[in-house]
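Chains as they are written, first to last, in the numbering used here: chain C, 1 to 164; chain P, 165 to 263; chain W, 264 to 994.
Calculated from the structure, these hints are not laboratory results.
Given the structure is predicted, the values throughout are model-derived calculations rather than measurements.
Glycine included, every Cβ here is placed at the ideal spot set by N, Cα and C.
If a hint is listed, it holds; no wrong ones were tucked in.
Some chain W residues flagged as far from chain P (calculated, every beta-carbon gap over 10 Å):
(1) F511
(2) H773
(3) V949
Covered stretches of chain C, going by a simulated chain W footprint (3 or more residues, C-beta under 8 Å):
(4) 87-95
(5) 101-112
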Amino acid sequence: MVAQNIAFGVIAAAMVVAAFRVVTTKNVVRAALYLVVVLAGVGAQFILLASEFVAVVQVLVYIGAIVVLFLFGIMLTRAPIGKTVNLDNDLRRSGLLVSLMLVGGLVYVLWDAFEDTELPEDGTLFRTSEVGDSIFSTYLVPFEIISVLLLAALIGAIVVARRD
Amino acid sequence: MLLNQFLVLSAVLFCTGVYGVIARRNGVLVLMSVELILNAVNINFVAFAYWHGDVSGQVFALFVITVAAAEVGIGLAIVLLIYRNRSSIDLGQMEQLRG
Amino acid sequence: MTTMLENVWVIPAIPFATFWGILFFGKRLPHKGAELGIGALSLCFALSLVTGAAWIDRVDNPPVSDHTTEQATEHATGGSEIDGTEHAQVAGGDSGTGIGVLGAAAIEEAEEHIAVDAVVQQWTWWQNGGIEFTVGTMVDGLTAMMLLVVTVVSLLVHIYSTDYVGGDRRYTHFFAFLSLFSASMLMLVMAENTLQMIVGWELVGLCSFVLIGHWWEEKPNSDAALKAFLTNRVGDIGMLIGVITLFFAANQTWSIVEINSMANAGQISHTALLVASLCLTAAVMSKSGQFFLHTWLPDAMAGPTPVSALIHAATMVVAGVFMVARLYGVFWDGFSIGTSNINVLAVVGGFTTIVGGVLAFVQADIKKVLAYSTISQLGYMVMALGVGAWTAGLFHLFTHAFFKACLFLGSGSVSHAVHSFDMVKDMGGMRKWMPHTFRTFMIGSIALAGIPPLAGFWSKDEILAGASQLGGGGDGYPVVLVMGFITAGLTAAYMTRCVYLTFFGEYRGHTPVEKLHESGPRITLPLWILAGLAIVAGLANLPGDSIVPDGWALRFEHFVEPTGAYFPAISHPHFSGLTALVSIAVAGLGVAIGYAFYFRQLGPHGLTQRSTVAKAGYTFLENRYYLDHLYTGVIAGGTKGPIARAAYWTNQNIIDGIVNGVGISARRIGLWVYDKIDQGIVDGTVNGLGLGAGAGGEVLRETQTGRVQQYASVLFGSTLVLALVIALVIV
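So that you can see chain C by itself, here it is in the shape it has in the complex (with noise of 0.2 Å):
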């Protein structure tokens, strides 16, 4: 248990320095790095609630696709690769002042509602094929709904970014 909480704290401290980063950093391409630290972080707390199949699934579709995207997007857009200035806009304070109010918020209702509430030791292990299972059998509609929806997002993409 000591070993998890270790870990938990340790990774949980990268993510929120990283998280950080991104959002206050003066870099656009080093912002898209950061990200890239707290979705692998998220990927290791998947892990960490023994969650390997969607762990896996966030390294490949995050890091693999979307981050490569990103830097597709500040490429194309010809964002200047090293420091500038005015990323941020006159709205920082109001931006500090909603945030700060929001996670004040949340952290007191989620102790309201969970206190210390434990989380079991040894928990239900799901397999990928129990995942797969319940994919296909429950959230089949579902499933396909989204699978259409990638499919609209895409020719969207495409309609959308087409130069004509």
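Starting from the structure of chain C, add chains P and W where the hints point.
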């Protein structure tokens, strides 16, 4: 491990994402912040899946990842289009909704 | 057979389906959608017959299973006690016979009250906050009877309309709404709960609005439609308040059966029932054209004649009467009908019946004569319900539907030939050219006038018998009884006038004589069917203890009157030779006077020209008691009402003290409302609101920066506030 460890981590990530969405000028960075928000939600899903011993939370996390992929695809396409039309992806300059 | 009782919902479903069918595909069909409507109504009629037969079967062989028996015995004892005592009073008052009669009557009544409960089917519509909203059907004798009346009249009106509105601009549209009209009314009569009743009630109102304004291009027609709709809204408020009161008074249930049962069992406070009854009476006054909310009804004649027939005979206006009959437990207790000698419902009905009868005299428009006649006859029905003669009131509804539909369709047939509704200027001597219309119209008139043995006599006589025998202490409702007798004479007289002006005398019209001809078979066939029904419908409830064997007498009462616990233990008037004789004599007198005055030209003709008093009276009547002026005056009073006009207005109204008082106070209230509330408060509020909105817009405009990210911060911030409110305050 406490359940709240994960939930509070997720809350912090979420709020960081919210800050980014509000305060960032660059369209791509705003999209990245949205990804932070979605990941925070995913941590919640998986944490509760583990706590309840129910596979549904994992399935939903997978769905969210899929939708996020679609969202990024479309979002970047839109950002590209904006850049092409205005040679800038500064969201602060887009004020056509002004009343 | 019982399947039909349980699945009676198909009857309104069929015309409802054809409504959409006609609307979407009607124009492409060979007969422009009319065949769909007629087919649907024929089917409905057949199914209604089956329903009626099934109900008769159920009454004859009451189901002995389940809880009905328990309820039956319980109710039988309760019922016999109450009925026994009342019978004793009635019998004692009549002839002073002793205890033997009392016992016999009690036993007889106990047998009568073997409860046959209504067949109720319920489905959950939705649930909210622990309250279940249901939809369903409720079939008992009343429903079965109404189904038959509505489908018969509606079917005949459909057939008639194919000729009458043939070639009209919106022929298809007309038939579509006829279907919807029938469907709404059918749904209303089988409503299982009060909410469903309101839905049917409003749908009927909507359809009448559409159909009255069928030729909306002409201003008076669309005005009339609006007037009908708006006047009905006034009553609808009463309906809503009444129903909501009942909902809370009856332990949060919408179910008609439960509300009535609780009212009968004394589980609802008398005050609540009184309030609900008064509110519902307002609804009846608007829907069933009772004085003083009746003014929309004559104007509704602007619609095509078949619609008038449908509105006045079978659907719209009887909805109010039906509603009272359906919620009779509420009214019975709320107005203490069984024990009082005068109550709101009876007085409203009695007054309306005279008012309508008098107004019918001065109308030149044949349809308006019939319209006022309808008001008068509806007054009879409401009066009957008010005095406790439930069966008589419903029986009158039943017979009236046939002869009034016959008369309306007949007037339409005449006007079809002369292209006018004006009896004085454009008709006269029509019997030569239109023999079928003439004969059927005569039959309808005789039935309406209450001459035996046609239908109107039997039902009217029962109402009068009820008014003379029921009520507290067996003394009857004397005031109402007198009103009823007066109207019986009036009815006979104005119908004589109407028949004379239309069918006798010299032809005064402008259509060339050689073009006058009898209408086609699609018009005369419905006329003859309705005339036939007008002759025989009275046989459905021949009085008991008379010439006919008991198995033939009082069939209507036996089958239609509910016997379940949801119906109050009413007592029944006996056939009284005296009442019948007086009613015949009064009707005969009316006919005689009318005959002498119009046919023989006896009496003071030209009186209205010579005598100022008579002229004033005539003008007063011609202006329909100035009620329309009153209403317009209230609304537009302050703007165009100089004092001179008010003085003149007051003068005119001195003739009738009540209307006078109402008029002046209403006018004063109107002026005051205009000055203080309308100009001061309402205008001020509206202006203030406008200014406030403008200023607020200027301020709020600043927040509309067009910057999505600022919107996002507001969005997240307000979501947080909302979430905290939910988390801290509510949970």
